[in-house]
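Novice: Spelled out, the chains give:
2 protein chains.
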Amino acid sequence: MIIDGKGLSNHLDSSMKAEVKALHKVGIEPKLVVIIVGHDPASQIYVRNKHRKAIKLGITSIIERRPEDFTQDELLALIDQYNRDETVHGILVQLPLPKQIDETAIIRAIAIEKDVDGFRPENVGKLFNNSEGYYPVSCTPKGIMTMLAHYQINPKSQHAVIVGDSNIVGRPMGALLLNAGATVTYTHILTKDLPSFTRTADILIVATGVAHLVKGTDIKPGATVIDVGMDRDANGKLVGDVDFDSAKNVAGAITPVPGGVGPMTITSLMQQTLELTKLATRKTLEPVK
Amino acid sequence: MIIDGKGLSNHLDSSMKAEVKALHKVGIEPKLVVIIVGHDPASQIYVRNKHRKAIKLGITSIIERRPEDFTQDELLALIDQYNRDETVHGILVQLPLPKQIDETAIIRAIAIEKDVDGFRPENVGKLFNNSEGYYPVSCTPKGIMTMLAHYQINPKSQHAVIVGDSNIVGRPMGALLLNAGATVTYTHILTKDLPSFTRTADILIVATGVAHLVKGTDIKPGATVIDVGMDRDANGKLVGDVDFDSAKNVAGAITPVPGGVGPMTITSLMQQTLELTKLATRKTLEPVK
Chain A
1 MIIDGKGLSN
11 HLDSSMKAEV
21 KALHKVGIEP
31 KLVVIIVGHD
41 PASQIYVRNK
51 HRKAIKLGIT
61 SIIERRPEDF
71 TQDELLALID
81 QYNRDETVHG
91 ILVQLPLPKQ
101 IDETAIIRAI
111 AIEKDVDGFR
121 PENVGKLFNN
131 SEGYYPVSCT
141 PKGIMTMLAH
151 YQINPKSQHA
161 VIVGDSNIVG
171 RPMGALLLNA
181 GATVTYTHIL
191 TKDLPSFTRT
201 ADILIVATGV
211 AHLVKGTDIK
221 PGATVIDVGM
231 DRDANGKLVG
241 DVDFDSAKNV
251 AGAITPVPGG
261 VGPMTITSLM
271 QQTLELTKLA
281 TRKTLEPVK
Chain B
1 MIIDGKGLSN
11 HLDSSMKAEV
21 KALHKVGIEP
31 KLVVIIVGHD
41 PASQIYVRNK
51 HRKAIKLGIT
61 SIIERRPEDF
71 TQDELLALID
81 QYNRDETVHG
91 ILVQLPLPKQ
101 IDETAIIRAI
111 AIEKDVDGFR
121 PENVGKLFNN
131 SEGYYPVSCT
141 PKGIMTMLAH
151 YQINPKSQHA
161 VIVGDSNIVG
171 RPMGALLLNA
181 GATVTYTHIL
191 TKDLPSFTRT
201 ADILIVATGV
211 AHLVKGTDIK
221 PGATVIDVGM
231 DRDANGKLVG
241 DVDFDSAKNV
251 AGAITPVPGG
261 VGPMTITSLM
271 QQTLELTKLA
281 TRKTLEPVK
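Protein sequences, first through last, are from chains A and B.
Straight run, no breaks: the first sequence in full-length UniProt numbering ends on number 289.
Straight run, no breaks: the second sequence in full-length UniProt numbering ends on number 289.
Same shape as in the complex, but just chain A:
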């Protein structure tokens, strides 16, 4: 079975469109600000795709482009401006940032109620502690959970193996799966005999940035394989971290690249923009004690 992230993303658009329309009717205009510094080519594509999706859904999208030599103080001032702007509900700073800017400081400068990427330590801590209540979560793992739910793949008591333990994908992915009742193994660059782990996975999440790292022989027959990679092969073709051709006949379900995880990441971003909009405007209407 091919997990059609693109199709699911488009399917979820209609309900989000309706939600935006309903918010507009009561005078609420969901607004997302995306800040991009420099000219990383992949980042340019991601930002463009986010903007297009927002427009399609009726979400107001502002892209702030700044040059490669933009300073940290200038970026902090820009964030501060949007933190104080009550018409803005989500602020996203596209990573990676140029060398002169400290990503950690930038992430912590975004107001917690506008942290649409869920990268602030408070939101990460709530995720890792499986806290109650709403908090934003890193968009790629969130989108993967939405895909698993839609395809009725329940992680409870399954062995989920994460390959790659980045703060943006691997670590929050493991936390979400642990919170859903999975047994979770984190593997990474220092792991010895990686295939001995991947072969025991009922759900295998690969997020390493290494083209075709995982082959069909590294996969347990029938497993669900989620490929987060967006790599280029020797011919410049867009491929994943999983060797799709050898993996597709072993896996029970697998995401393609492109058309798998990528579109769902953007869908999660839009969902979280709407959640933060509702939280912010509800707070205005009914002040919390």
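Just so you know, these hints were derived from the structure itself, not from any lab.
Treat the hints loosely; a few may be bogus.
Note: identical chains are not told apart, hence a pair may lie in one copy or across any two.
Claimed, not checked - Lysine to any residue pairs mimicking SDA-like chemistry, simulated, CA-CA at most 20 Å apart:
(1) Lys156 - Lys192
(2) Lys156 - Asp193
(3) Lys215 - His188
(4) Lys220 - Ser196
(5) Lys192 - Lys220
With the hints as your guide, set chain B onto chain A.
Specialist: Then chain B, alone, in the frame of chain A:
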């Protein structure tokens, strides 16, 4: 090899005593407040042991005992009093709390600079993201890392298996081991075929509260086995989550119960009290921009 947590804890006392003495000389008096609500017998013992260790080291220790029917608002007011008290450097609320009190709300009420247990979401998030800089971490896993380092057991590229995924022990333990370069597997009550995981562990951490859950046959020969359990067997004897008698001949290194993890938890608490004291007083002397 038996890992002597009690001995290591006593060994570390001398350097902490010297540190407290040096702080006293410059007019700084490290002070820890422990709040205990109700009469849970295990909690009474833990609090007494913490108090004794603080006294031994020269740390000022205040125990605030409150009755079982103490309300959440009363507890919040007590915490607020110590948050505003500049002579206090660490505040610990002994868990569990009686049913009428929301633990999450209490944890988040402690000022972040006095969160000596490292339970606030900001500190948990920093741990999970392997952030730079100092932040307090849950004391039991921190003490286990200190033991591993002292016994020169390097987690890098080792497979660490955590049994029990609580927010106080299992989850932060896995994060610390992941940050140290281990491959980490979280297992728990929903895990299928637990021994199939424990038998692959180079480092096995058991924190379930189930007496003698893990037997010698569940352990990989030569593994390091850390037993966080403090359970009572049928005869009322204090035992661990690991069946020590069958495990000690299989494990390469193992902690006893009592005398293993318990004393190191208290040592970590004292270390973190001193760290927070130094941070708070340094801040007074050299204001951060």
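Novice: Take the hints in turn and mark each one as holding or not.
Specialist: Going down the list of hints, with the structure as the test:
1. Lys156 - Lys192: Between copies, since 10 Å is at most 20 Å while 27 Å is not.
2. Lys156 - Asp193: between (26 Å within a copy, 14 Å between copies)
3. Lys215 - His188: Within one copy only: 16 Å inside, 29 Å across.
4. Lys220 - Ser196: both (10 Å within a copy, 16 Å between copies)
5. Lys192 - Lys220: For Lys192 and Lys220, the Cα distance is within 20 Å both inside one copy (18 Å) and across copies (16 Å).
Hint violations for this structure: none, all hints satisfied.
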